[in-house]
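Undergrad: Now that you have both chains on their own, put them together as the hints suggest.
Those protein sequences? They're chains G and U, same order as listed. The working numbering applies: residue -1 is where the first sequence begins, and numbers increase by one. The working numbering applies: residue 9 is where the second sequence begins, and numbers increase by one.
Mixed in with the good hints there might be a few duds.
[Claimed, not checked] Below 16 Å or equal to it, Euclidean Cα-Cα: the simulated EDC-like pairs (lysine to aspartate or glutamate) are: (1) U:Lys17 with G:Asp156; (2) G:Lys458 with G:Asp414; (3) U:Lys100 with G:Asp414; (4) G:Lys127 with U:Glu92; (5) G:Lys127 with G:Asp83; (6) G:Lys200 with G:Asp266.
[What the hints assert, rightly or not] A partial selection of chain G residues facing chain U, derived with a Cβ cut-off under 10 Å: (7) Arg16; (8) Thr33; (9) Glu52; (10) Met136; (11) Asp266; (12) Trp394.
Hints listed in this document are in silico derivations from the structure and should not be mistaken for laboratory results. Every residue, glycine too, gets a C-beta built ideally from N, C-alpha and C.
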Amino acid sequence: MQWEVVIGLETHTQLQTRSKIFSGSSIAFGAEPNTQASAVDIALPGVLPVLNAEAVQCAIKFGLAVNAEIAPRSVFARKNYFYPDLPKGYQISQYELPVVGKGSLTVQVGDQEKTIRITRAHLEEDAGKSVHGASAGMSGIDLNRAGTPLLEIVTEPDMRSAAEAVAYAKKLHELVQWIGICDGNMQEGSFRCDVNVSVRPKGSDKLGTRREIKNLNSFRFMQQAIEYETRWQIETLEDGGTIQQATVLFNPDTGETRAMRSKEEANDYRYFPDPDLLPLQITLEDIAKVKAVMPELPGDMKERFEREYSLSAYDASGLTSSRGIADYFTAVVAQGAEPKMAANWVMGSVAAKLNEQDQDISASPVSPLQLAGLLKRIADNTISNKIAREVFDAMWAGEGDADSIIEKKGLKQVTDSGAIEAIIDEVLAANAAMVEEFRAGKEKAFNALVGQAMKASKGKANPAQVNEVLRRKLGA
Amino acid sequence: MSLSSSDVKRIAHLARIEVSDEEAEATLQKLSGILGLIEQMQAVDTTGIVPMSHSQDVVQRLRPDVVTENDQRAAFQAIAPAVENGLYLVPKVIE
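With the rest of the complex left out, here is chain U (with noise of 0.2 Å):
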């Protein structure tokens, strides 16, 4: 599979990276070759083979439904570049 410019670009774009047109040219070499690696992993037969979903053979631990957290607004908030009435600002967002 080969990757062009613009695929890599629109990559950036739906990650919110903002990518120069020398950097995408740059970071294409790079996902060429991680493709280019997949691309002959695929030669490997893998008939019958259970995908894999985590490196470790063990299951999720659960946790009891039980509310352990209290209210740390006024903490997490002094580090957010803008607040108002508790809530977090960001720049508006458009529907």
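The following block holds chain G by itself, in its conformation from the complex (with noise of 0.2 Å):
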């Protein structure tokens, strides 16, 4: 039998406030245990929750870049589960009424586009941290996370592969990064994925018993976590068995799934609105104000990258596909290089550099300043684009600006046509036999001669010269 994979994801995104969501505790990553919990956070008796504007501001925010409804009323609830690192013993949560609504993102998968509907995205509070192994018998609690403002944003099953859920994680990622709400960072838990996995007959528009992958920190987890997940379900229905709703780790040592706990009694959370809380009020007013201040997103400036620069549809996404990338690429033309060129070398040797060391852009050794006085050279006929690359590499080594670089190891480009002549006539001289070829009609035999005068002008000798003087002198 044919089978499908459906797959639909949950991502907790923490948001870059300074304090918690409901008090005013610092939410640095890294504090002593405990020092960063306050009596609201600890759940000490007679507390009140009061919501931080920042964090609302950032959920307008996403919910705009996804083109989604923007709740003018949503509603805090609790959401009741028993477990130490919650000292409530509920978590406050959005449930009915969320603050971000029916939204969408499209994503880029291999050569294809496609749309992931967002079902939701409510804003609710992180629990702490359970320590295990701390002293026999028990476990240590740090609350220093507990209240950490975190947005949660729902997708409809919409993904069909694992390629197509990494690249709607890794899209989202890049997202919030870009609208300045969570600093992205995985290792620290910034950003976290849920994966639900079904499988169901190939036509069939029943959903599957879903499994839900919890806590996946990487891409590349997400993709092994589900591959195996996929197998796992197709194997187990083949056998003829069935599939239990559950929640399951992934392990990386193991690269395979285990069921954690059964979902059943876990699931009854009594959800009911939180009367610490009034209902949040969203004004026109409010989501104009957070408007004005958004920067230009990914999709809009990939559109402007092909309508003012005439860049393909493919350099623009490359350039648009983070935030650092764009701003590199956008300061490099504000510096005069002309776009075109500058979209080739960023999405070129820049970024190649960058993938051989696996380092992000905001690492590269070349500022936009000095890419931007190299493409000078290119275009006022100083240096070939052969050369250029030379010259590159150098800057990448730290050696200097291009300029400094090209008179230090005599890289210009000879424009001087006697100079140009007298190499011609030496490979001409030397290269008798390639001459009768070409004579003979064999234009292969031309390239030949353009890269043997190349080569004797060590590679400084402008190639458009070289071509034209040599089709005079070779009469042709």
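TA: Right under this line is the structure:
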């Protein structure tokens, strides 16, 4: 039987605020245990939560970025469950009326575009952390993380492969950083994905029973976990078994998923509106204010690059794949570089070097100003493209600006026609056989002669001039 | 809607409240009374009425995003039953 996998994602993004969602405690990462846990965060009796305005701004920004409905009135609810790192015995979340409603995100999967529907996004608080093995028979509880603001972003079950799920997660990861609501740090848990996976016979429109893979904090693990889980579910069904709804964990060491707990009992969260919090009202003016300070979104920027700079959709998409790359490219162009040439270099040489060293563009040793300086020398014919790559390598190695490297290494292109003619005369004299071949009609021989001339000039002769002089001398 | 004694036990378990069989029976009576009242209210036609999430018709006040709390760990942990290296200790959590 042919099977189809159906995937939906729930992503917890930690919002980039200074203080917690309902208290004035700091959310800085890595503090000593429980030193950033106030009376509200540890749930001492008589405390009241007060909502952080910045967390609401972040939610509005996200809503605008995915073209979603932003609820004029949304409600906080208590999600009740018992766990030691949840001191109140409930998590403050949103249930029936979330702050962000239906939206969508379009992602690139291979050479296909796919639109993933976003069901909702809601504000909630994070729980604390349990530290195991603190003391024999005991668990340690650190409540610094309790009350950290999260925006949970939920999709429809629209993805049909691990590749699609990872493409969506990566796109979302870039987007939340782009609009400045999340630092995207996956190691520190600022961006965590829960993936719902089910399988069904291809062509069926009924959803299979799903299992939820919890807390994936790397895209590679996400890919592996979905692939393993999909195989496991298909094999189970083909062997005549049934799938039980469950929460599973992915073990990176074995590459396997394993059921954590049966969901039936734990799932009874008994949501109800939190009487400690009034409904959240968001007016059209509030939304307009946020809109005014929103950065240009990647999709809009991509279209603008295509329109203003005549870039291909592929280039424009690559240049807007992250805020860092977009800012870098924009800075190179602002320094006077020709946009198409700048695009080729940022997507080509710069990206290749960064890839090689597995680094982010923020770590590039060549600044936009320096790159623009190099491109200027290509544009004004001081150096050829080929020599420019050599200069670029030297710049990357920290040998200075383009001009000083060109000067120091004597790489300046030879454009003096007398010098070029002299080189070509030598080449023609030394390669009589090739000349004969060319005269016999072999165009290939011409290219070989150009190559010889370029070689004789150590790559410094202007290629266009070499072509021209050579044709003239051969009487072609 | 009728409730059974085992429903009461389950609700108590979810809230981590220990109830004896007698208590469960007594609680069952009381809860059934409340449910009976709700059933009576269900008879009221509420078409077109927006569900209420708070008794007052006011909206949430927002707090500026400023860190106002300082570290009071020592004071809080002075009343905790068990602490170690700044952590609150609880019976081992088994996953």
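Undergrad: Does the structure break any of the earlier hints, and which numbers would those be?
TA: Hint check: 1, 3, 6 and 12 fail, others pass.
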